[in-house]
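Work out the full structure, taking the sequences as your base and the hints as a guide.
Residue numbering for the sequence shown is 1 to 548, as defined by the UniProt record's numbering.
Accuracy of the hints is not assured; some may be wrong.
[What the hints assert, rightly or not] Here are the simulated lysine-lysine pairs, DSS-like style, with alpha carbons at most 27 Å apart:
| id | residue 1 | residue 2 |
| --- | --- | --- |
| 1 | K368 | K351 |
| 2 | K207 | K192 |
| 3 | K494 | K178 |
Just so you know, the hints here were simulated from the structure itself, not pulled from any lab data.
Just so you know, these numbers come straight off a predicted model, no measurement behind them.
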Amino acid sequence: MKMNNRYFAALLGGTMLLTTSCSDLDTNPSGSTMGDGQLNEVLSQDPSKLKSEVSGMYANMIEYGAIIQWAGSTRHFDFGYASTMLMMDASGQDEPSQVSGYNWYNQPLRFVDRTANSQPTYFIWNQCYKNIKVANDVLKSVDLENLSDVAKSYVGQAYAMRAFEYFTLIQLYQFTYKGHEDAAGVPLVTEKTTESEANNNPRAAVKDVYKQIMEDLNTAIDYLTDSRSAKSEINRQVAYGLRARVNLVMQNWSDAAADAQKAAEGYTPLSKEAAAAPGFNDVSSSNWIWGNIVDESNDIVQSGILNFPAMMCSFTGNGYSPTYACRMINSNLWKEIPSTDVRKGWWIDDKLQSPIVDPKYVVYTEDKDKEGKITAKYLAVLNATGDEVADITEPYTNVKFGAYKNQYGNELNACDIPLMRVEEMILIQAEATAMAGDVNKGKQILENFVRTYRDPSYTCNATTAEGVQDAVWFQRRIELWGEGFSFTDLLRLKKPLDRTASNYGASVRFKLDPESQIFLYLIPEDEENHNEALVGNNNPVVAVPKAQ
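Quick look at the structure:
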């Protein structure tokens, strides 16, 4: 077995940095280098200059080293929203990974990050409120009563991004909308919030946070059009997709289905043939509605290993994955996928085989001792010159995500990040249509999608709305695996978490009831220190669960 040691020293050094240092949590960082007063003056004179501010929101989503000053050193999960996706999936039941110092997501995997001073909670909170601040800067810098068409486009994006960030926060810091409408959510900061108000800003009720989210998305849809310069930007269809997600959580079934249909217009699911190869790394794909565009010159790429492919892609020639910390599927879930479903090949089987990988670059290998006894079995990942750059050793490791430019062993990790795909919108339509009362139509939408694009033998046997909902949930667990939905789906559907009798490590084989308190993140201690209304009003600290 040959391991790529190019960044081994960096990996080893990263595992030694386990302590946390504290500094002020800045919930008001800006995408601009100008002060608020100077910024407002410039933007009021030339609304086109809003572009740089709005561009800052998207840059923040792929920012390198956002919490270095607070943490005291580089955290290798500090590379933007894709890292939040990884944290959410690590908290669920569908993405096992090694419990080791090389796994930068072992804290959410073990639920030891549900404390007020954990690095993940600071990272998530800072990331979301940073973009909320940028959105607020845009909104308070213009005359909202007299917007030009140019200004409306940028303002619409700001409203939508603010909604996106609050939606991320409210799903992680409180339980789902239904049944918890009056529970304490997160502080609301808008363009109208003064500094003194921000320093004594209580947690808004869940219903009020969702009200703000919906108001922002409604306004965004009014202001936006379908045009945009790149898929990294939010246009009207993306805003419809975001509102579809929110309506799904709020159980506004008919509205969720209608919004999802509007978001999906003009996009085509990945074909069965295209799905039979690693991918999910290029925003130009016909099924991507929205994604983070990652350029080779971006800091997260130049960092080498502080990026999504380094953590997720099993074919990168430069990362933690797969040799040091691979991402797998729950073996029980994988076994439920029919053999006729092309997606079963998105993960290798218990014999380390998958029909979707290229055997020229992914070679089954056995190491033997002097007596000829097999000492190791693995898949050797080769690059274009035939050099072995990584090893896949664990059954059920994902091969869904291709390396940059789909070149096996590529050391450059400039893959785009999927934020919204048309397949998700179709699944929302199916679930919401059934839950709105038309069970047969919901089944038809689901069957048409799966049969056409994934499994020609598929039949949905559900006879009730809840049965269709569960059938859609199963499809979401497969289709959207690794894209940040599995944990929030557990919360939304009030499902238990069950990692038992699976390929999860023995120490993290938890079996937890629906809405277990350990699911919720705690508001960062730094925020409590600077917002007196939060003192004594955080989520409770509970014991880390015991393995079953």
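Evaluated hints:
no. : hint        : result
1   : K368 x K351 : holds, 17 Å
2   : K207 x K192 : holds, 20 Å
3   : K494 x K178 : holds, 10 Å
The structure meets every hint from the earlier list without exception.
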